[in-house]
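Below, each chain spelled out in residue letters.
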Amino acid sequence: MNADNWSEQVLEKSGIEAVFLTNDFDDSLQGFDTNVYIPCLRTDDLVFHLAKQDVRDRLEVSTSTSLESITDLRQAVATLFTHFKTNNAKACAISLPPSFSPSTISDGRAKNALQQILTKGTEADASHIEAMARWMFWTITQQCETHQLPFDLMIGVNRRVYPTGVFQGQDLYDSRVSLIQYQEVFNAFPTVTFPISVLASVTNQELASYAWIFPNVVTHGHWWYSNTPTFIEHDTAARLEAVPQTKQIGYYSDMYKLEFALPKFRMYKRILSKVLAERYVIDRNWSEQRAIEFGSIILRGNVETVFDI
Amino acid sequence: MNADNWSEQVLEKSGIEAVFLTNDFDDSLQGFDTNVYIPCLRTDDLVFHLAKQDVRDRLEVSTSTSLESITDLRQAVATLFTHFKTNNAKACAISLPPSFSPSTISDGRAKNALQQILTKGTEADASHIEAMARWMFWTITQQCETHQLPFDLMIGVNRRVYPTGVFQGQDLYDSRVSLIQYQEVFNAFPTVTFPISVLASVTNQELASYAWIFPNVVTHGHWWYSNTPTFIEHDTAARLEAVPQTKQIGYYSDMYKLEFALPKFRMYKRILSKVLAERYVIDRNWSEQRAIEFGSIILRGNVETVFDI
Amino acid sequence: MNADNWSEQVLEKSGIEAVFLTNDFDDSLQGFDTNVYIPCLRTDDLVFHLAKQDVRDRLEVSTSTSLESITDLRQAVATLFTHFKTNNAKACAISLPPSFSPSTISDGRAKNALQQILTKGTEADASHIEAMARWMFWTITQQCETHQLPFDLMIGVNRRVYPTGVFQGQDLYDSRVSLIQYQEVFNAFPTVTFPISVLASVTNQELASYAWIFPNVVTHGHWWYSNTPTFIEHDTAARLEAVPQTKQIGYYSDMYKLEFALPKFRMYKRILSKVLAERYVIDRNWSEQRAIEFGSIILRGNVETVFDI
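Residue numbers (the working numbering), protein chains in the order written: chain P, 1 to 309; chain V, 1 to 309; chain H, 1 to 309.
Covered stretches of chain H, going by a simulated chain P footprint (3 or more residues, C-beta under 8 Å):
id, stretch
1, 181 to 192
2, 208 to 221
3, 230 to 241
Sample of chain P residues with no beta-carbon within 12 Å of chain H, all distances over it, derived:
id, residue
4, Asn5
5, Cys40
6, Ser69
7, Asp125
8, Thr146
9, His147
10, Ile180
11, Phe189
12, Phe265
Computed footprint of chain V on chain P; a stretch qualifies when at least three of its residues, placed anywhere within it, have a C-beta under 8 Å from a C-beta of chain V:
id, stretch
13, 199 to 213
14, 238 to 250
To be clear, the hints were calculated from the coordinates, so they are not data collected in a lab. For each residue, glycine too, the CB sits at the ideal point set by N, CA and C.
Let the sequences and hints guide you as you build the complete structure.
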């Protein structure tokens, strides 16, 4: 594991050609091969934590901007996108709490919110922080439109529900969330592709239905608490039947170590094979070849078309 | 397909003896054999679109009524029911948004609402339109009681979520709906049978439980986004175990063309057979004969008893 | 069945060593062997019906207290716990409506609420009754902490939805409930174990996830409307994968007659065996021995460790 080329060994052994990262907005994106480690702009901090002095400082430094107005803020976001796009970024991403419901916020309203946030930081009224979050989400989506980047939405997590838990063992969820909350943004940005992950299996049918109806909604993997075999199997079976086959990205590993990809993808591939064998080859009398081709586009082909790689 | 007797050929080939229609309230119900094409009064327009001038005009014309008061309105609805009942109607039906929660509305409150609607049309306050919808729903249910007609409730659809979609490709849903919203109406009309369809599989357990407890609630098919094999299988398995066998209508085709019935019913019958084979013949050691009899009552027998045909 | 030792015969035939009761708070707990019929303090009346004169009378009599202040009330609850604990009680239990969300209530607020309740009984404002319920729930949890008793939460039932139904045929549910409502109490009482049952299968994933993250949350059986084979199978499969194996109590019978335990447990054991055979021995290539050991700890071992018997 200490071998100089350990990571290359892991990639080769795992059959991985490239890895999609999620990078902090102020990541320099230097020092690695962006064709193998493909950048993605992670925007949680911008949308939900702009009231923190630290986040605003990082944004000012990384974009060489002084954040005094909505115009400054919009320019800073544009600068980030240019930086990421220049460095081969293939997506923008964010995780969202169940309560979030994006909508347009006028620049006037956003101006008030920013003023409060610049003055009071995290002590600003919740309504201002919420307005700022919505404005920022919308602004980021506009940049996705401009730069033709898919916007990965990971919907449904409540942070720090068990605050004394270990790192990444603190977050849970309220499963009472609906994709109807995203109706306005799906309609407003028909050219932006939204690969969507949902935290709870009870939201999977909505996801499949919205991907069936909205041309720009794509189902995206099996996230976190839904990334266990029983839920993957149930959710996969439902998606295969209801979602156009070009609009399903079967799986991503959500790995924190390079070594995780192999067992995680093997788990998924075993389940995908089970569903295809039982429900297509046996129940529908498909040929094995046809089932394998269907599986391949879900597992790999759609990644290439959706993320343009 | 252009043969004079094409529709008869399709019916015969499909093994269909009769088709349940859903008819606009101002349908003349003339020109077809109502013993083969059985009328059903579809009431969405009356409940949710009475604020539209066009709907009120159609109601006035079809019932020869001038709609100036609550009394006029109640009389018009009664006239529609008499017209439908005289023409062999076997049910009343409506699709309902997840937000709808029926309750009694006093005639006084309804009078105010009607006044606003007659004056302002669709510009009337949302509270008046909502009050009118509840009053109308209740009034229609009273007519179902009077005329001993089942009231088919199709619960959970949001209309025009993707308004630029093709016809019938615009509607989606917020799955956060509960049958508790119908508690008052189920209790108030014990002699009205409510065959209920739910749009999302996550509501299926509630449906099974309510049909278990309320004598007048019947499970009714697998609707729209839940009408795909994986959801049908899961929902059917749950209903067969929890709902009295005389209170389950297994399937309806929801067809828009006569040719759809055959493949749709074949899909359902294959799934019903699978569930009966795996969970009753194998798991419970039932005889095949017993399983077939159970399936037959779900598939056909209950249609006859519930809709009195 | 009239034999003197009928109950002993049933216990022996069923392989039952002991039965967990749920006892009214004013149960004398005399006249039976508390090592075979293990007491459990059922607290629904205290939390949700203290506004009823009858409940307060029973509490005063059973604890020899005059309920005039919050201090009296707290003392009465403490007396009940001592009585139950002295008589071998191994748990406290309560069933909860979907709307309930426990939180701390100051003694000052509780004092106002109690004053209103003592004066107006069930006619007291809903806000006072709600405040009293929250205060009482919290006070009971504190007693669980003091006496090291697990607090069984049965979450999600709406009482008397169909009020003209037969006894125990009146209650239903609104499945729109989330364990996020219990976040504060789980965090505030880290040493109290909460064995949790949920009424609807759609809440099962939340339950599994919360038991995964919170050290003091344990999954507890398959309750009522989720106690049918299809839901048990789906929910069991999900729990086995996601919840630590020491934090799952597979089943309890919820029986009202001693004779119910045998068939109910047989049903569960058959389903547990099916899931272990299909998903562990076949899918994961486990040895049968390993699967049986896993099943045994779920079915029996954890009952002993969680309830300290």
